[in-house]
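What follows is each chain in one-letter form.
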Amino acid sequence: MIDINISRQLEGAEGRFSLVVKQSIEKGQLITLYGDSGAGKTSLLRILAGLMVPEKGQIKVDGQIWFDSTQGIHLKPGKRHIAMVFQDYGLFPNMTVRKNLIYALANPAKTKLVDHLLEVMELQQLQGKRPATLSGGQQQRVALARALARQPKVLLLDEPLSALDDKMRQKLRDYLLKVHRQFDLTTILVSHDVGEIFKLSNKVMHLENGQVVSYKTPLKMFSHRHFSGKFQFTGEVLEISKEDVIFIISVLIDNHLVRVIVDHETAEGLTVGDRVLVASKAFNPVIKKV
Amino acid sequence: MDWSPLVLTLKLASITTVVLIVVSIPIAKWLAYTNIRLKPFVETLVSMPLVLPPTVLGFYLLLAFSPDSPLGQVLENWFGLRLAFSFQGLVIASVIYSLPFMVHPIQSGLSSLPKSLLESSRVMDKSYFSTLLHVELPNIKPSLLTGIVLSFAHTVGEFGVVLMIGGSIPDRTRVASIAVYNEVEALNYHAAHQYSLLLLALAFAVLLTVYLVNGGFIKKFWR
Chain A
1240 MIDINISRQL EGAEGRFSLV VKQSIEKGQL ITLYGDSGAG KTSLLRILAG
1290 LMVPEKGQIK VDGQIWFDST QGIHLKPGKR HIAMVFQDYG LFPNMTVRKN
1340 LIYALANPAK TKLVDHLLEV MELQQLQGKR PATLSGGQQQ RVALARALAR
1390 QPKVLLLDEP LSALDDKMRQ KLRDYLLKVH RQFDLTTILV SHDVGEIFKL
1440 SNKVMHLENG QVVSYKTPLK MFSHRHFSGK FQFTGEVLEI SKEDVIFIIS
1490 VLIDNHLVRV IVDHETAEGL TVGDRVLVAS KAFNPVIKKV
Chain B
58 MDWSPLVLTL KLASITTVVL IVVSIPIAKW LAYTNIRLKP FVETLVSMPL
108 VLPPTVLGFY LLLAFSPDSP LGQVLENWFG LRLAFSFQGL VIASVIYSLP
158 FMVHPIQSGL SSLPKSLLES SRVMDKSYFS TLLHVELPNI KPSLLTGIVL
208 SFAHTVGEFG VVLMIGGSIP DRTRVASIAV YNEVEALNYH AAHQYSLLLL
258 ALAFAVLLTV YLVNGGFIKK FWR
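Keeping their order, the protein sequence lines are chains A and B.
Letter by letter, the first sequence follows residues 1240 to 1529 of our numbering.
Letter by letter, the second sequence follows residues 58 to 280 of our numbering.
It is possible that part of the hints are untrue.
Pairwise CB distance ranges (calculated) [to be verified]:
{"hint": "1", "chain 1": "B", "residue 1": "Pro-195", "chain 2": "A", "residue 2": "Gly-1508", "range": "55 to 61 Å"}
{"hint": "2", "chain 1": "A", "residue 1": "Glu-1358", "chain 2": "B", "residue 2": "Leu-95", "range": "46 to 52 Å"}
{"hint": "3", "chain 1": "B", "residue 1": "Leu-202", "chain 2": "A", "residue 2": "Glu-1478", "range": "54 to 60 Å"}
It is worth saying that the hints were derived from the structure and are not from the lab.
The structure displayed is predicted, hence computed values, not measured ones.
Idealized CB from N, CA, C, for every residue including glycine.
Pulled out of the complex, with its shape left as it was, chain B reads as follows:
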């Protein structure tokens, strides 16, 4: 069995998750506290990947990343990056695709914190980052865990977007979900089973972890 698609999947999911943590926390914090009129539009944009067919997202990203597009040209000329059919392109697409899975839990976690926590910290002359690091994030650990695990798992389960902008280049863009598709197409059911079972087990284990930890199960029986 060729392990490289699985390794690639885990690599993609890990990098995507780390990028998402950094990107989503400021967005979620802003959405949790702002009263600006633009808020519903921003929330809609963040949530779009939930309902948009992955192929549509992939199609537009493919157009945007193509060396003929303005964005593609800027990326290629200034940064020497060609995102279409590359691993970096997959990371960017996955970040957009899994954004709601990270932003939503953090946003709802932050909104459920009593206002007085934030205000106490403000009155104490603490900075944005100090408050975030010492007060807000430590008090929404379950939400953070949910966000991290769901975006990781969702990236593992990605198929349409990857297929559109990554194709199926071995070791670069052929992730496990694509490998399953290829093996089935080639009537190679044995290999398809191997990938599928591993993905199934991974998805189950990851979700079970969230429910056990957030349900207090582990705390209760781990002493």
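Next comes chain A alone, as it looks inside the complex:
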């Protein structure tokens, strides 16, 4: 359980604002911090990591005090049993993939863990290479593996998938879910991508100008349009084409292109690039194992 109750002044694009967060995060959850850029998501992550110091408040994790302004306690980042994946990954350029992981170990003798992580993240082939020679997705996997080498209780990820293409993203989401479960982590990640949030997280913490405006499941958060559909996805309109008297809307849901027939009125209200909810409740979807 992570109990956060902190405040801090931040310098934003439109002047100063206060980051005020009072929230409890359950153990073992995968939480997404969602919100516009400059809302304080990364700052909150850095405060949890101990890289930024709040002005007031308290952070308590499983009974251990990480920060308490009244008692003057600020636990060093290294003592918090956390791992952080930075937006630019922060891989050490002078070390090979394997050495990056070994350096991260709390106990340098535990090379078995390194072997295990290299295997889980499918990095054995690359372990002798330097980070600069790897692709973005590979670097991301190394960063994740290196974070896990710390055997953290809490994993913090700052927009871990934003620099990758769609295909790689999907693969890495699967890796992320896998390790989140396998290593019994409490994971907090920053993301803008609604699809990603749906797929990954248990709860979404929505920040606006430094304030938590909601803390809900992704479904409750993003399907607030009073839709009671049982079968629904969000996607992006790619194309609107007219066929005789009907319109066909092509919607990209995750990586799948779905064509939906709509009437003239609905089509008028849509433009290419709109985010839409595709839902249905009048038929039974067929499920087949693939």
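Using the hints, position chain B against chain A.
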């Protein structure tokens, strides 16, 4: 030809460089990361030898080192050191004089490293020295090389400071640049040529090494 001034020069430059590496890395690291208000003043002090006439620096050091000054007395009474007109004095003066040539490259190298490297290491509970040794220094090798070579070369080229606080005592403070001056004064042009040519070649070779290594030239053609 008397080789002792050249030997003395190389000895002075080597010792100065080693001392500078040890002294400059913590200063450069502090300057690279601190946000303290005092920073511009410290940076100014470090850079002073770049613009200060060497004779001025030498003059003040001479006063400070003299056995009549408070510092000179402490050094003499407590450590038995007399720095004026001695080799140790030259080393200290050279360290101060060449400080910016070591601090600046290392500082700019460290500041150009992504912040996430340092923070990753902090989150991993690594100490100041572990981070320095395993993460920071290995990633600024070109800056380190530049610092080492420039301070070495700059110490070789030192004249004013040495003359002020070292004089020209054979085997103790008469370095090559002073020897050139003495030989010219004595109208002994042949000897002056010998020292000068050697210094010229040394300076050229040393600088060329930096540019070749840092320009990737050696990496490109050395396989």
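Which numbered hints fail: none
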